[in-house]
Amino acid sequence: MKLIHVGPHAVLVEVDGTAEALALASAARQRGIGAQEIVPGARTVLFDGVDADEVAALVAGQWPDEVAEETGTVVLPVAYDGPDLEPVARAWGCTVDEVVERHTAREFTAAFCGFAPGFAYLAGLPDHWRVPRLGSPRSRIRAGAVALADTWCGVYPHASPGGWLVIGHTTARLWDTGAEAPALLVPGTRVRFEAT
Amino acid sequence: MILEVIDPGPLTTIQDLGRFGWAHLGVPRAGALDRAAARLANRLVGNAPEHAVLETTMGGVTLLARRAVTFAVTGAQAEVRVDGRPVHSGLPVTVRAGARIHVGPARSGVRSYVAFAGGLAVEPVLGSRSTDTLAWIGPPPLACGQLLPLGPRGHPPAAVDVSVPRSHDHVMTWRRGPRHDWVDDGAWRALDGAEYAVGQHSDRIGLRLVGHAVPRAVSGELASEGVVTGGVQLPPSGHPVVFLADHPTTGGYPVIALVDDADLDWCGQLRPGDRVTIRVR
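Protein chains in written order, with the working numbering: chain A, 5 to 200; chain B, -15 to 265.
Just so you know, the hints here were simulated from the structure itself, not pulled from any lab data. Some clues are possibly wrong.
Pairs of lysine to aspartate or glutamate residues, derived as DMTMM-like cross-links and limited to a Cα-Cα distance of at most 25 angstroms, are as follows [stated by the list, open to error]: (1) A:LYS6 x A:ASP20; (2) A:LYS6 x B:ASP165; (3) A:LYS6 x B:GLU179; (4) A:LYS6 x B:ASP244; (5) A:LYS6 x A:GLU24; (6) A:LYS6 x A:GLU105; (7) A:LYS6 x B:ASP169; (8) A:LYS6 x B:ASP168; (9) A:LYS6 x A:GLU58.
So these bits of chain A aren't anywhere near chain B, every CB distance computed over 12 angstroms [what the hints assert, rightly or not]: (10) ALA14; (11) GLN40; (12) ARG47; (13) VAL79.
Values in this document were obtained by computation on a predicted structure and should not be read as measured data. Ideal Cβ positions, reconstructed from N, Cα and C, are used throughout, including at glycine.
Let the sequences and hints guide you as you build the complete structure.
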């Protein structure tokens, strides 16, 4: 574990992976660490607006290796009708039907958010199922599109440009600014997909 | 509703200090880019620093006051007129009901700030009245005919005789950032004193710097990580981007440097084509 100072008021903590980043971010929130933002990444946690010593003390101590909050499991109904099922099948060395079977069989974890409010990077695909991004991004991907890039899965909360391989779409609402909990998927949420 | 938008200009948004505590869900902070100018405008009309103000972009704004209001304009230098008559910017001005307030195009800088006594009282979104132009969270940009409410007046205006326009020398101080080692020592030496132009596509999200492309010492990709305002991101093109208030909350390009917080206010006033000199500390 490594602490990197990011200017006078922020610290980036490097950890081994997604699970540890989630656990550290969760422990920091549970302990009420005085940070304006606690932002998990793929292999880091950023503490912004914080006293670096407070982060150093947290990191030096013990914390549970699991996410403390009950972030729950979300099941997303998906119509597997995306334009990129074939390229994913080729990358995975299987049929399109098997892509659906494999995708619905796995449990994902929302590792971190970014790109857009409510867009969660979902971890859960093995390394050998890695898929490339599109050579040139599409100018418009529909809201609810379920897509893959690298070993990540993501669901587009709003229509937007995007370079991920789209395998289907869900009618679930990923983001609602007016709701008390605006994001359906927050770091730590477990996610399963169900074919409709 | 106290103010009516007659002409919103090219982009006029409502801004306060920003939206805190949502970065982990991908929500940018937003908030006034030139925070000192927004704070001064609020102070001039007796508001608290967190009151919401208008932020114009190059082209100004025209409003109709349906009630007597006190306002002040700071930030980018612009002609300010009430019913066609010039009034001072950088000072509180009280106008009668029915007055037309016109803030002209920026003569220098980009963003003028207009504070009204009582503050713009639009409904907060996730705890802030700021408009974020990356994800469009917050109140929409001003539109023709829109009506804007003001809050109750606070204190009497602060006693400020003259607000002195700030000058700066366009020297941007960079300190090494979390991924500074993605650039080798030779490239760092070349950066110190290097001159860059502000790119055409600079906006509230980032200041794009055009000039000598900075070579990367590391190939490959960085796992996405949280980024801070003032971070200098180095995309594969080698043209650095300084993250301003509406920057994405996580990113996969290395943040090689950090711009001093004190420099960020004037960064928000740089126009495309303006030149800046990098100083590496």
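Evaluated hints:
1. A:LYS6 x A:ASP20: Since the Cα atoms of LYS6 (chain A) and ASP20 (chain A) sit roughly 10 angstroms apart, the hinted pair holds (cutoff 25 angstroms).
2. A:LYS6 x B:ASP165: 15 angstroms, holds
3. A:LYS6 x B:GLU179: Violated, at about 34 angstroms.
4. A:LYS6 x B:ASP244: At roughly 24 angstroms apart (the allowed maximum being 25 angstroms), ASP244 (chain B) and LYS6 (chain A) satisfy the hint.
5. A:LYS6 x A:GLU24: 13 angstroms, holds
6. A:LYS6 x A:GLU105: 39 angstroms, violated
7. A:LYS6 x B:ASP169: 22 angstroms, holds
8. A:LYS6 x B:ASP168: Within the cut-off at roughly 21 angstroms; holds.
9. A:LYS6 x A:GLU58: 15 angstroms, holds
10. ALA14: It is violated; ALA14 (chain A) is separated from chain B by about 5 angstroms at its closest Cβ, not greater than 12 angstroms.
11. GLN40: 5 angstroms, violated
12. ARG47: Not fine: 5 angstroms to the nearest Cβ puts ARG47 (chain A) too close to chain B.
13. VAL79: Label holds. Min Cβ-Cβ 20 angstroms, cutoff 12 angstroms.
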